[in-house]
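A.B. asks: Dock the two chains into a complex; use the hints.
Those sequence lines, one after another, are chains A and B.
Final position of the first sequence in our numbering is 425; the numbers increase by one with none missing.
Final position of the second sequence in our numbering is 525; the numbers increase by one with none missing.
No farther apart than 25 angstroms at their CA atoms in a straight line, the calculated lysine-lysine pairs in the PhoX-like style are these:
id: 1; chain 1: A; residue 1: K184; chain 2: B; residue 2: K300
id: 2; chain 1: B; residue 1: K502; chain 2: A; residue 2: K227
id: 3; chain 1: A; residue 1: K417; chain 2: A; residue 2: K102
id: 4; chain 1: A; residue 1: K319; chain 2: B; residue 2: K495
id: 5; chain 1: A; residue 1: K242; chain 2: B; residue 2: K509
Note that these hints are calculated values from the structure, not bench results.
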Amino acid sequence: MPPVSRGAPVNIKIDQFIKLIAEGDFTGAARKIKEDNVLPAICGRVCPQEDQCEKECVVGRKNKPVAIGNLERFAADYERESGSVELPKVQPATGKKIAVIGSGPAGLSCANDLIQLGHAVTVFEALHELGGVLMYGIPEFRLPKSIVQGELEGLKKLGVNFVTNTVAGRTVTIDELLKDEDFDAIFIGVGAGLPWFMGIPGENLLGVYSANEFLTRVNLMKSYQFPDNDTPVFNCKGKNVAVFGGGNTAMDAVRTAKRLGAEHAYIVYRRSEAEMPARKEEIHHAKEEGIEFLLLMNPLEFIGNEQQWLTGAKCLKMELGEPDESGRRKPVPIKDSEFILPIDMAIISIGNGSNPLINQTTPDIAVSKRDTIVVDINTMATSKENVYAGGDIVTGGATVILAMGAGRTAAKAIHEKLTA
Amino acid sequence: MYTIISSVFLAENIKKIEIEAPRIAKKRKAGQFVMIRVGQTGERVPLTIAGSDPEKGTITIIVQGMGKSTRELNSKEAGDTISDIVGPLGTPSHIEKFGTAVSIGGGVGTAIAYPTAVALKEGGNYVITINGARSKDLVILEEEMKAVSDEAYITTDDGSYGFHGFVTQKLQQLIDSGKKIDYVLAIGPIPMMRAIAEVTRPYNIKTMVSLNPIMVDGTGMCGGCRVTIGNEIKFACVDGPEFDAHLVDFKNLTDRNKLYLPEEKQSAETFAHQCNLNKLG
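Here chain B stands alone, though its shape is the one from the complex (with noise of 0.2 angstroms):
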């Protein structure tokens, strides 16, 4: 059993959760993710390391409830315990000093452009930060972000705070006005992602992304969250999670990626009908 030791809001059904893990806080780096299990019969869930203190021995992962083990796990409050938690797994985020580096977060997925701006930034680049979300209440780690930043911008889809549209619109913005970028990082939903690869792909701006497949083990033993890279077959696992936007297949990770919808229906159903009863009670 691990424990919870805070487990905060930071914003509308996103929570910010830092767990017990002495092993994995000395040793994660930007990039790596984990598998959790929240309860005895869950299903395993890989989730990027937001951050850690190995002083401490906690890591941080930051988590939006969707289907039904997120919503379980953001149900959890600080002295909570979750069954299991292994890692760091994945290859870490390749770091070098690429000149000017942009990392570009959106929605939850700022909580792993966050820690690879961090790293971007140590090892000798100048950062961008572009924390985009669909609205004002959803923006995370702005504080975070902007503090680890050679410039920090937000944008958000309604316009109701910072940058009036898509981070597609303002990464194109900075490549318009002349600034040369060297490296990009996007991570966010997978329409993003690809629109940021369309983006960065007539300038040959080197470009990565982090990709979530549906996985079981995350070791490298069951091959389920294989990934079309080039017109290689690669496991996200062990050869990722981070690959060359420019070589990933969308279209097959989103098709992948819809293998179980009518199960995680199923289960988010049951789960919001409990916590219901659960309140009535």
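For reference, chain A alone in the conformation it holds in the complex (with noise of 0.2 angstroms):
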């Protein structure tokens, strides 16, 4: 049995859920679980558990760490399949109002917090369905919708009002929910925006995609159902797609690009396969399923015909040179290799920037460099009065866990201060 449970970003008590299971009382196991994890069907699903819980557990270092993210899966499952799931019970009303700005991981975790302390919770999504990434982004293969779906319901039940196709910096701006909507408090949880491109030649070409276009497509507009549905994407039947990049997302675009009937589907990513970002166990999935990995590969153009489809990457081979500042074995070219990968559609999974709206629309919320949100990370405070902020609006791209972890931390500390 682990006896700590350091590594859980929200501070699971993972010995004694652990211990729950281990009596056969999973529905207890479960709201052990949910004292500090709103969402443990998600993130038992979704969380880099061998980075995170499992690395520090004490079985790990002489044996296999103990799989406390299937575990954790496994009591959240059996709870809501046996239909024993409980809500929290919900303190006195305390007269505070709060808008909590965006559906995702970060958002609905603060939400569920407040919600609970007693205050008026409203959640505004720019999108017209709730859950943001976990929605649109994370593929039903490794996060199936009607659990987000069942999370959702939860929080309504428990009195979150929610609000659809509604965009923060321009369907309404933070000052307007403060001045005119009398919120006394403010989580922006809007998560990343902007994708990122390579910069290279071609990448306007048709069928060149960002992972989040191609995901969005697939996830939220449900275009593997077209025609009945009518958002169209490009048809990856019998085709050669190539995602770039070593990321979660990289691996679920690259997937579902194989699942939608792909012939060859690639990953190219410019180093090897011990500095990818993706969770090992990913990668893992991805090969089992016939992912064929092009690594030390780099980009430098992509070609296309007369009608502008693409046909092609122009690829660079690469070796492992020196370890860079980010202490990564650095690629460096190899002369004279460079090659023309046959492809029928790419799609860029290199990251993302931030959404300009709110610093637009709100320039007394100081940002970074990289236009990310500035915060005390103790309190996820933004320099703006009653307004915070967490997720990867703050972090830059990062994981659900963290996003949630920023939003609970947030929700503590909107508590205090409204009440002290």
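C.D. replies: Following this line, the structure appears as structure tokens:
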């Protein structure tokens, strides 16, 4: 039994919940987890446990660590599927109104804590559907949408008010929420924004997508059901698809392309597998599904036909040189190794910048050089009074569990501030 | 769900639709757009806002039935609902006192040229409008354009009304007549906007166009609407939709808008077929 709960960004009582599972009290285990983690069925599936709780597991020093993530997932699924989910108790109303911007993992965890503490919570979402990246980004095969919907239903039952189709900074500004709509505090969890491209020639050819666009079309707009759903997406069937990047989103995109019928689905990555930011488990799954890994390969240019459709990517082979500032061995080009990889579709998955809409309309919220919102990491407070922020808009592209941790830290600080 | 307050045809296949959307009505500025999803299986379609009534809490859009989504939207009547509308999106038109400003609308593009003409007038400019259509029965917003203009011109391709010719020819005529023009805004089909850019380029007249690339979210998340401006990639949904016409890579925009032609055709044909079946039933 792992005696510690170190390594879990939301301080789950790991030893206690595993003990309950060992005793056969699966529902009790789920409730124990939920004292600290509001979305265990989601975290159990998508969080990088091997770098967090499982890394700290003492059993792992001599053997394989306890599979904490899978146990978490099991307990949460058992509770839901056996119909024994119990709504937590809500504290008496405080009369305070809080707006949460964004219904992704940061916003949902913040809303959950605040509603239980007795505050009135309204969550504003830009898209027509709730859930943020959990709905548009992470594919069904990794996180079933019904699980996200189940968690959302729970929050609705607790009294959280959800408003879709509302873009903070456009439909309503932060100042208007504070002044005109009388919100006492605001939590900004809008996630990352503008996808990065590589800045190489040919990126505007037909058939070149960002991972965000490809995944949004497939997951949120259900383009795999075209024409029953109106939104189309590039037809991968029998085609060669290359995903450029080595993170979890790249793995999601390439596995999605393969499942949509791609003949060859490649990961093209400029470093070696050891440097890949994706979870080992995701890389493993991708390989099992027949994804072809083209490592140490750097794209130089996309090439198209007369109609401007993509036909290939000119790439350069690399080898590993000396470690760079990040400690990772830097890839250096192998001379005269250029070749053309024939592909019909390219998906760029090298990360995201920040969405500028809130910064543009709320100049008194301090931002970093990368346009991420600057916060006090102990409270997630921004430079603007009563405005807090967390998740990818603060950290840049990170994980679901880190975003949830930020949402909870902010909820605690907001509660203390408003009830002081 | 969002309720349609009124829905009337302005010309064949072009409808003016007023929708209840109080927050958007309060905030929208000239040049901004909304994303609309007609039904639960619908796609997200960007449509520029033609006007709004903040008191009443409504916005107006003017829609030409082209593909499935716009035709489905145009089949809606007052009292019907649509699933989703979000906005106002995009950067508003840049308005200042330029001097003499020409607002040019081609076809349904007039629906967007009109609110910007209003904003230019309010900004203290001498406003000239050129309202172009293929023929007389396709001319829209004639009275509205006239009311806001210091000079208003209508052009028709077939000469059935107003000036016989294209909006570009009318603009060239104005320039040739020695009129000093300080600013041009052109909104319409891509070939028209591209041609206007070539008319004003030799005279260095500041010219803006409103681009209509394919979008998904419209909020700066997917990058599908990227356009080439100068040598830079810009996102039309947050950086635009208005850009300097002399820097726009119109060929790239034209090519990228062809991405889903077979799918769009398939959807439109299925929709037309279903409409005919309904009529028979």
